[in-house]
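Visitor: Based on these hints, arrange chain L on the given structure of chain Y.
Protein chains: 2
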Amino acid sequence: MAVKQARKKNQPQQLPLPKGKLLAIGGKESKSEENRSQAQEDNRGFVSEQILKRFVDELQGKKPLVVIIPAASSLPEESAQDYLTVFKALGVKNIRVVDIRTREDAKNPENIELVDRAAGIMITGGDQLRLTSILGGSPFLERIKERYINEPVIVAGTSAGASAMSTSMIYAGETQGGMLKGQMSATAGLDLLKNVAIDTHFIQRGRIIRMAQAVAQNPGCIGIGLEEDTAVLLKEGKELEVVGSGLVTILDGMDISSTNIYEIEAGEPFTICDLKLHLLGNGKTYTIPSYNGGHH
Amino acid sequence: MAVKQARKKNQPQQLPLPKGKLLAIGGKESKSEENRSQAQEDNRGFVSEQILKRFVDELQGKKPLVVIIPAASSLPEESAQDYLTVFKALGVKNIRVVDIRTREDAKNPENIELVDRAAGIMITGGDQLRLTSILGGSPFLERIKERYINEPVIVAGTSAGASAMSTSMIYAGETQGGMLKGQMSATAGLDLLKNVAIDTHFIQRGRIIRMAQAVAQNPGCIGIGLEEDTAVLLKEGKELEVVGSGLVTILDGMDISSTNIYEIEAGEPFTICDLKLHLLGNGKTYTIPSYNGGHH
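Protein chains in written order, with the numbering used here: chain Y, 71 to 366; chain L, 71 to 366.
Keep in mind that the hints are not guaranteed to be accurate.
Claimed, not checked - Simulated DEER-style distance windows between Cβ atoms: (1) E309/Y x A159/L: 54 to 64 angstroms; (2) M324/Y x T355/L: 19 to 29 angstroms; (3) Q130/Y x T357/L: 47 to 57 angstroms.
Rather than coming from a laboratory, the hints here were simulated on the basis of the structure.
Fair warning: this is a prediction, and the values are worked out from it, not measured in the lab.
Cβ atoms here follow ideal geometry from the backbone N, Cα and C, with glycine treated the same way.
Excised from the complex, chain Y in its bound form (with noise of 0.2 angstroms):
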């Protein structure tokens, strides 16, 4: 018996596959057909309202319940009101919003209770700290998990909703783009996708010098930018694939032949040598290596 057990602890860990699907945007996804900019005549590949058409595809069951977490905006009302019109205009009958703005919202059965009914959760934009020192460790995020990892609910966020879904949380880091160490800050996000650091508005302001630093820091993260009205649907934690009008950046650190950045000074510039790029656009699909699990 002692020896089988020991046999046990032997193996790999292995997480169970979620049985519920993510939907991380880079922000601003289409919500109407109105209003078009240029840069979207310009774009033939941009569908109005396509990602979150697919989010509304996705919702199981009958007369499936969506609900609004606009917890990461400073203005929640604002925030959940475009997407209860969005959400009508594309047909959804049953949605509610969940105004949480403090970690004692975060403990509301009745809260709580929603997040049981719901077929899909969208997480609007806003601020990813203040997502993240709101719901990290809250009862209403640990059964957001719970449904996330046991149903088939699709749990979407946009923006900062999609930043906060990652491992490594990458939430400052303007200035120049990020290239000296320490001009990028990251903290622990809300763990729903693993193995992973995702940053949003990603080609549009520019972001992928300080995605590589976070990725230098730990190549076990893959880095994966979302572009503005463009979204990674991911289903088994692990197989994505591209929605939307823009390009989404991969960035895979594991071959990553030399780096200084735990050499040098903050306020020093980096080197990194061997990064692996991907740029992929709609439809286009990628599986996030598990190189944490060890196996590949």
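Guide: Structure of chain L alone, referenced to chain Y:
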């Protein structure tokens, strides 16, 4: 004898290694101790006038002549004046400005004679398309190339002056970072530097996506992205050293595993898989692979 000749023809064509040096600068290189920006204050790698001091250090001979070529600028006097001031301050006694505004000026023997006498040549910023359309194929440019190949001169260019050194010269493509096919325009550069596409203001203006497009179009060209106040010093046409306070981005497309850039329509977002990316700080070195030459 006939056999010997045939053998000679079958040998790989070896281009002579240039005896001169190139200094390609990403724009906005430091020109005085004063007026440091906040970004420069934050950057512990910042050294005032570092790049232009290096240019001066590399000048060979006694009382070396520095020739300033402000042909890329629509305000050539102002552009030249900045460099007159800084080179004087750095101790250069012998400086001349070559005012070339037309293709006729690029045939003028007086201008060509200045190139003959120069130990260092500085091509200032402006519009790279102006530079190639005025200098391309001219006796003036041919003389610069002859001297660069055969003599220990240094040829520097900043911003447009650096971009124009490329084989494939990117000259437009701001919108949305260039993620749509056709949102990046390139043409033949002055070809001082082989197998390379240079882009400048690289991190500041978020230009990696447009460079990925250029590299995917012809992976035989390595992409070199120069940040502001950051340069590469090239010896023997391929040995590169980073000089300056920012990062140099190298984008290598030789291992691209798939791309749809040749299949999709203009205006559609493209996909590129398995680009190789290096980010290099001051003092770091890199050898440009001679993929087109067939020996690497």
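Visitor: None of the hints should be skipped; say for each whether it holds.
Guide: Right, here's what the structure says about each hint:
no. : hint                                : in the structure
1   : E309/Y x A159/L: 54 to 64 angstroms : 60 angstroms, holds
2   : M324/Y x T355/L: 19 to 29 angstroms : 24 angstroms, holds
3   : Q130/Y x T357/L: 47 to 57 angstroms : 55 angstroms, holds
Checked against the numbered hints above, the structure violates none of them.
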